[in-house]
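Residue numbers (my numbering), protein chains in the order written: chain A, 1 to 182; chain B, 1001 to 1454.
Each hint should be verified, as a subset may be incorrect.
Distance ranges between label pairs, derived from CB positions [what the hints assert, rightly or not]:
id : chain 1 : residue 1 : chain 2 : residue 2 : range
1  : B       : LEU1374   : A       : ASP155    : 25 to 31 Å
2  : B       : HIS1083   : A       : SER6      : 44 to 50 Å
3  : B       : THR1269   : A       : TYR46     : 42 to 48 Å
4  : B       : LEU1133   : A       : LEU41     : 22 to 28 Å
5  : B       : LYS1286   : A       : HIS44     : 57 to 63 Å
6  : B       : HIS1083   : A       : ASN66     : 44 to 50 Å
From chain A, some residues computed to sit far from chain B (all C-beta separations above 12 Å) [what the hints assert, rightly or not]:
id : residue
7  : ARG8
8  : PRO21
9  : ALA24
10 : ASP29
11 : ALA30
12 : LEU31
13 : SER65
14 : LYS68
15 : PRO125
16 : ASP137
17 : LEU179
In the SDA-like style, the derived pairs of lysine to any residue whose C-alpha atoms are separated by at most 20 Å in a straight line are [what the hints assert, rightly or not]:
id : chain 1 : residue 1 : chain 2 : residue 2
18 : A       : LYS67     : A       : ARG164
19 : A       : LYS35     : B       : ALA1025
20 : B       : LYS1295   : A       : LEU154
21 : B       : LYS1016   : A       : GLU43
22 : B       : LYS1021   : A       : PHE33
23 : B       : LYS1232   : B       : ARG1242
24 : B       : LYS1126   : A       : TYR114
25 : B       : LYS1241   : B       : SER1418
26 : B       : LYS1016   : A       : GLU10
27 : B       : LYS1290   : B       : ASP1261
28 : A       : LYS170    : B       : TYR1141
29 : B       : LYS1016   : A       : PRO9
30 : A       : LYS68     : B       : SER1138
31 : A       : LYS67     : A       : TYR177
Hint data in this document are derived by calculation from the structure and do not stem from the laboratory. All residues carry an ideal CB built from backbone N, CA and C; glycine is no exception.
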Amino acid sequence: MAKLSSKRPETLGGYIVHGIPFPAELDPDALAFLKRMRPLLIEHEYKVTYLHSYAQDSPWFAAASNKKLLASRDPDSGYTYATPRGHDMYSGEETEWIDITHRNAQVHAFTVCYFGSEEFLPETPYILALIEFEDVDTLFLTRLMGLDPDRASLDWIGMAVEPRFLRNSKLKPTDVYFLPKN
Amino acid sequence: MRPVYTVTGGVSKFAKARNDKTFQALIKEAYSDAIDDIGLDFQTFTSIVDGSVASYFSDHFTRQLMAGIMGQDYLGLCPKPSHRVEGGGATGGLCFQEAWKSVASGHMDVCVAYGFETMSHVETWKGNEFIALASDVSWDYPVGGFYSGYYAMMVTRHMKEYGTTVEQMAHVSVKNHINAYYNSFSQKRNRYTIEDIRSSTMVAWPLTRLDICVMSDGAATAILVSEEGLKKLEDAGAHIKRPLVKITGIGRGTDAMRMADRPHVDYDTFMRDYATEQEKDSEATKAAYKKLWDKGTRYPGVHSFRAGRTAGNMAYRHAGIYDPLNELDFIELHDAYTSSEIQTYEDLGLCTYGEGGPFAESGKAFMPGIDYGLALKDEPVCAVNPSGGLIACGHPVGATGLMQAVFALWQLQGSIESHFGDPTLQVKDAQRGAIHSHAGTGTYVTVTILETED
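Please take these sequences and the hints and turn them into a complete structure.
Now the structure itself:
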């Protein structure tokens, strides 16, 4: 059995305390002593629910919930963004939607996350990857599934992959994820 | 633009948690050190200073909006002019440059740049989440994005493109930690080996915990003046050290928030828009780049920071620098990750793109006279992060770029021994240095050149 960690985990949370130690009389010595107090730390929870609009990017999420992967393209130059944007950064023109669900795709870069933001800690280890698509000029950040995180290898870069879609859409970019292509 | 000098600065003790002081009192700690260092008292300096620029990254860490004005009033600077700047990890570098603008434009003769961050107010993983909110919250963060993950993806691509190794990255960590061993201001003072770095806990493959900077509480202050401001301070009794340290180069660059959106330009575009003057003049470099592009490399992709290259080129042009490796005596470089220090060697033209890994282990960026326990092939040429950088000194975001400015000032004044209590990290005869501040996945980058005045 593996040895226990040398440190117990530190967490927030604790007792509610009434009656903080404090001098009974505020004579000059007691007032001077206050400079030697350790700081008081209090917990404060702050929770917010936002009404977040996907605005002009909304069709991408609607498409993913219908098992389609969309991209944005400048109608004149054909410059194509795997992560959608409403206007092309070179011409300033409004982009058009195209379907890239069945484009050839491969891993451009990746990592295995053993830690993460608090929200994603329960999902570790997970694989993040940037995907490149045939005839698409930019990349797409996604989760890569179907691989052993403990066998990470630079050979994964260039691996052919294909999209899979959640059956029950969450309207998040993770509605699509990628698997090595069979 | 008028000549601008930085004449004094202060850095608070950086620590994982500074629960002993509010953020205002932390700023005061650094501010008082800056004033004490030139021998002025609080009231005299207050009567002379024209205004300030405040620097902090995240309102989330303090759970306080408009914290800048709370620093301003704690320092007794109201009703003098001030504003807050924010640009992720580059906030401190941007703050220093905004203070430069205030003085160079003639708007102020004496301007204080102060910055802080108190990251200990939340647990590390909540802190990671706050920092990750500085990525696209529609497309990057919800996928499980966090900054160590983003940088790990960049370096896997760098490794694939250029053959960079984890051992080369570990050389950066060993160097910066051992440098910090001699810096009394640093948060971590440890002597590590390559094996220590690699056997440390894996955070995001291939980056281990010792490849990554830590979260910190801390503050820093730099005071910038015009020639008239210098006279006002000295007429009031300030002892300004000589040689004077002048700001001679200002550069900034930007890139898309989502690194997935970065372009992949061809060879001709790279040579025209991004190559350094030195690279453009070198047939060997052009041939090496042509070979890289023929092999499939495109720029900047996710392996390089065109914001850093743009900022460096701009600052070098301003300061008249052609060969940065040989014309800079040191660089305080934003090493949030060992991998990003390697990427930045290339962006700043210390070596060509693709050579960052071999450069890291060559010894050229190490300090002379320090035993790193490594077999280094080359002699030191330009010390990178002689202070220990973010990896060892800590990274209280809004203070970090200003900490770099203060350490650079002390290098150029030749006063490292009196501030660090140890002469080991003094770069001998330092006459010109650079500070490099970097945000996000390379979204805002500043490069500032400081040099001694003849």
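Now for the hints, and whether the structure bears them out:
For the pair B:LEU1374 and A:ASP155, the supplied restraint of 25 to 31 Å holds, since their beta-carbon distance comes to about 29 Å. In this structure, B:HIS1083 and A:SER6 meet the distance hint of 44 to 50 Å, their C-beta atoms being roughly 47 Å apart. In this structure the supplied range 42 to 48 Å holds for B:THR1269 paired with A:TYR46, their Cβ-Cβ distance being about 46 Å. One distance hint, 22 to 28 Å for the beta-carbon pair B:LEU1133 and A:LEU41, holds here, with the actual separation near 24 Å.
At about 58 Å, the beta-carbon gap between B:LYS1286 and A:HIS44 stays in the expected band of 57 to 63 Å. Between B:HIS1083 and A:ASN66 the beta carbon distance is about 47 Å. The supplied range of 44 to 50 Å therefore holds. Here A:ARG8 stays apart from chain B, with its beta-carbon at least about 15 Å from theirs, past the 12 Å limit. Even its closest Cβ contact with chain B, about 17 Å, leaves A:PRO21 beyond 12 Å, as expected for a residue assigned away from the interface.
Distance to chain B confirms A:ALA24 as a non-interface residue, since its nearest Cβ pair spans about 25 Å, more than 12 Å. Distance check on A:ASP29: its Cβ is at least 21 Å (rounded) from any Cβ of chain B, clearing the 12 Å threshold; non-interface status holds. Even its closest Cβ contact with chain B, about 20 Å, leaves A:ALA30 beyond 12 Å, as expected for a residue assigned away from the interface. With a cut of 12 Å on Cβ distances, A:LEU31 stays outside the contact zone with chain B, its closest approach being about 19 Å.
Its beta-carbon lying about 15 Å from the closest one in chain B, A:SER65 satisfies the requirement of being farther than 12 Å from that chain. At the 12 Å boundary, the C-beta of A:LYS68 stays outside the reach of chain B, the nearest C-beta of that chain being 17 Å off. Separation of A:PRO125 from chain B is inadequate, the least Cβ-Cβ distance of about 9 Å not exceeding the 12 Å criterion. The claim that A:ASP137 lies off the interface is violated: its Cβ sits roughly 7 Å from the closest Cβ of chain B, which falls inside the 12 Å cut-off.
At roughly 16 Å, the least C-beta separation between A:LEU179 and chain B is larger than 12 Å, which holds for a residue marked as non-interface. In summary, the hint linking A:LYS67 to A:ARG164 is supported, as the alpha carbons are separated by about 8 Å, within the 20 Å threshold. Restraint check for A:LYS35 and B:ALA1025: the C-alpha separation of about 14 Å stays at or below 20 Å, so the hint holds. For the suggested pair B:LYS1295 and A:LEU154, the alpha carbons sit about 17 Å apart, so the restraint of at most 20 Å is met.
Restraint check: the Cα-Cα separation between B:LYS1016 and A:GLU43 comes to about 18 Å, which is no more than 20 Å; the hinted pair holds. In summary, the hint linking B:LYS1021 to A:PHE33 is supported, as the alpha carbons are separated by about 17 Å, within the 20 Å threshold. A distance of roughly 16 Å separates the Cα atoms of B:LYS1232 and B:ARG1242; the hinted pair therefore holds under the 20 Å criterion. Note on B:LYS1126 and A:TYR114: the hinted pairing holds, with a Cα-Cα distance of about 15 Å set against a maximum of 20 Å.
At most 20 Å may separate the alpha-carbon atoms for a hinted pair to count; B:LYS1241 and B:SER1418 meet this at roughly 12 Å. For the suggested pair B:LYS1016 and A:GLU10, the alpha carbons sit about 14 Å apart, so the restraint of at most 20 Å is met. Restraint check for B:LYS1290 and B:ASP1261: not satisfied, since their Cα atoms lie roughly 24 Å apart, outside the 20 Å limit. At most 20 Å may separate the alpha-carbon atoms for a hinted pair to count; A:LYS170 and B:TYR1141 meet this at roughly 15 Å.
Between B:LYS1016 and A:PRO9 the CA atoms are separated by roughly 16 Å; this keeps the pair inside 20 Å, and the hint holds. In summary, the hint linking A:LYS68 to B:SER1138 is supported, as the alpha carbons are separated by about 18 Å, within the 20 Å threshold. With a C-alpha separation of about 11 Å, the suggested pairing of A:LYS67 with A:TYR177 holds against the 20 Å cut-off.
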